[in-house]
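> What follows is each chain in one-letter form.
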Amino acid sequence: MSPHSDNSSHSPKIYLSLDTTARSRGTDKVATQVQHWLDSQPQLTASLVRNGSRGMFWLEPLLEIETPMGRVAYGPVQPQDVSDILNQDCFDGVSQHPLCLGLTQELAWLKSQDRLTFARVGVIDPVDVDDYIAHGGFIGLGNALTKSAQQIVDDVKDSGLRGRGGAAFPTGIKWQTVLDQPPQQKYIVCNADEGDSGTFADRMLMEGDPLVLIEGMIIAGLSVGANQGYIYLRSEYPQAHRLLNLALDNAKAAGYLGQNICGSTHAFELEVRLGAGAYICGEETSLLESLEGKRGLVRAKPPLPAIVGLFSQPTVVNNVISLASVPYILSHGGEKYRDYGIGRSRGTLPIQLAGNIAKGGLIELAFGVTLNQVMLDYGNGTKTKRPLRSVQVGGPLGAYLPKEQWDTPLDYEAFSAIGAVLGHGGIVVFDDSVDMAAQARFAMEFCEVESCGKCTPCRIGAVRGVEVIDKITGKDTSDSQRQDNLNLLSDLCDTLEFGSLCAMGGMTPFPVRSALRYFPDDFLPERPNTTPAVGGSSHD
Amino acid sequence: MAATNEQGLQTIAKIIEQHQTLPGAMLPILHAIQDALSYIPSNALPLIANALNVSSAEVHGVISFYHHFRSEKPGTHVIEVCRGESCQAMGSRVLEAAIKRKLAIDYHQTTIDQQYTLEPVYCLGNCACSPAIRIGDDIHGELDLSKFEQLLESLNTYSLELK
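Protein chains in written order, with the working numbering: chain G, 1 to 540; chain Z, 1001 to 1163.
I should point out that these hints are in silico values taken from the structure, not numbers from a laboratory.
A portion of the hints provided could be inaccurate.
Said to hold, decoys possible - Derived DSS-like pairs: lysine-lysine, alpha-carbon spacing no greater than 25 Å straight-line:
| hint | chain 1 | residue 1 | chain 2 | residue 2 |
| --- | --- | --- | --- | --- |
| 1 | G | K29 | G | K13 |
| 2 | G | K359 | G | K111 |
| 3 | G | K29 | Z | K1147 |
| 4 | G | K403 | G | K385 |
| 5 | G | K294 | G | K157 |
| 6 | Z | K1147 | G | K294 |
| 7 | G | K359 | Z | K1014 |
| 8 | G | K294 | Z | K1014 |
| 9 | Z | K1073 | Z | K1102 |
| 10 | G | K13 | G | K111 |
| 11 | Z | K1073 | Z | K1014 |
| 12 | G | K385 | Z | K1102 |
| 13 | G | K147 | G | K336 |
| 14 | G | K301 | G | K157 |
Unchecked claim - Cβ pair distances, simulated, as ranges:
| hint | chain 1 | residue 1 | chain 2 | residue 2 | range |
| --- | --- | --- | --- | --- | --- |
| 15 | Z | E1153 | G | D39 | 25 to 31 Å |
| 16 | Z | N1005 | G | T32 | 36 to 42 Å |
| 17 | Z | D1035 | G | E269 | 20 to 26 Å |
| 18 | G | K475 | Z | S1071 | 38 to 44 Å |
| 19 | G | G255 | Z | S1154 | 40 to 46 Å |
| 20 | G | S112 | Z | D1144 | 48 to 54 Å |
To be verified - Chain Z stretches covered by chain G per the calculated footprint, using a threshold of three residues with CB under 8 Å from any CB of chain G:
| hint | region |
| --- | --- |
| 21 | 1017-1028 |
| 22 | 1066-1079 |
In this text, all values refer to a predicted model and were calculated from it rather than measured experimentally.
Think of the CB as a built atom: it goes at the ideal place given N, C-alpha and C, for glycine as much as any other residue.
Just chain G, with the same shape it has in the complex:
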């Protein structure tokens, strides 16, 4: 299987990621170098493929070489390493090069995962329909085309899949509601406005395997009788935008979109629409307003979007990962998916390790693994090597968890029981230099910037929240003033929680209250010494 033999029809492939984070670590420069090297070796039949990322970002640029033994990984590779790596017997198997990590599939970090939804991410050419099919793509759609709409919905119900955007609403029940509406114009809307800090699973999936999302949306269309879909993508994701559009064009050319998909009588059109930098548009009703071309003000529910959604028509609004999980469910069966997980959290969760973490990236695991296991066994502790102090799970509206809560299993109900949220599975780790009063203040500041303004508690309360926290932490504040303002803050949090239509105002109190409850010393005038070494979260 030597690449030097001219009569071999096999041409080994070299893989480098085009994922945003991988590119931010320099994969483009390495790719240029690989291409130069290939151009200088005309006798070689090898070629370079740009794929998604495996999610091991500390190893990027990760260069993989296809060998008879499987793909062999090298990383992190710098441009100057390329000729050295490729000059060895790299196409035959595992080499002696110091950057060689062995077979990719044997890497413990990767091997121990349950990659169902992310099975092809970092493996295939993201926009190549043939490559997608060669790795099990469109089997789910093929099965769905042989089933009735109700049977598809039943499969999704059987799987126990719940919305991965954060709210964890059962996907099958949402689809049933839309299916139950009389035949009329219906829509499938994919919420790809992944705004939570610490989350990038949607982005990685759209950059690494956009066709699985497209397949999931087509299946959703079949199941509820919708012939039009929209992917509402945030404008902060230019690479995902480019790749989604390429994948859409290729899927359409191959007959998977348009009239008579796969030769059937079903039609499905799909379009990517860009958001414009508003966090609130990740809230489904605000997203629908935005898609309609309006300011992203949240709508009161009811009516549910499933009944009165986009352009007042019945609409399925699902997160990227929810929709991308559907092809697996339709190809392997709902029960197979449900076998993963614990309690009422079935299947797998793409967990994103972010912030101050030594090995940041994405791990897909069955629900039930604890926060500690994820942060230590996979994340390997903080990047700064200082002690872990606080962890925010579930984005800017998620609670900060102190050490005593790190044994909590990743499970929607277990998180709810401790007043926290699992959300979209983003885990942001802070070391001991963090100032939790500053983090609480930021939660209010973020709400002030991103509130749509519809509900007064959120619009005004967030501004007042910043002021009150400043008064609490102020150097000239007397003890009694501090206590008064702490009471006021508690009252304000209640007003926000109970007086807002959506999670923006309703959940901003989560990070604030948790910071106050578990890290009260940070709100005192004489705060423990917080060295702004790297965490550097001093008050501005």
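Starting from the structure of chain G, add chain Z where the hints point.
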């Protein structure tokens, strides 16, 4: 709000014509105009309003709601600094202050030489390699001040080469 010239208006008219039949055409039109002209000129509003059968006030309402849309021409390079929690955990508060000092501007401002516009952004999805900034369509991670200064240097070199 800044206005555009006759040529700009022609571009806008063409964009509107291409997009106006789309369902929910407002955002696609605004994106296309900003992509073409780098901002949304004030004299585009009546054209958009007329095409979509809404008032100019409604168009203004949409533009002002979304952080991404601009009513003023930005500098040659728009630098977006992530303010998300993940970046904060990796020192972005110190970094953003240093960037502001280095460019001698605050957020939503443009340097006097019209080279750089500084904007805050709430998450670029690069959270495994925080802190992050975006310049144009390129995202840079694991940033510190010296890496930022190198980036500025490369931007300067590049724009000189273009001349």
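> May I ask which of the numbered hints given earlier this structure violates, with the numbers listed in increasing order?
The structure breaks hints 5, 6, 7, 12 and 20; every other hint is satisfied.
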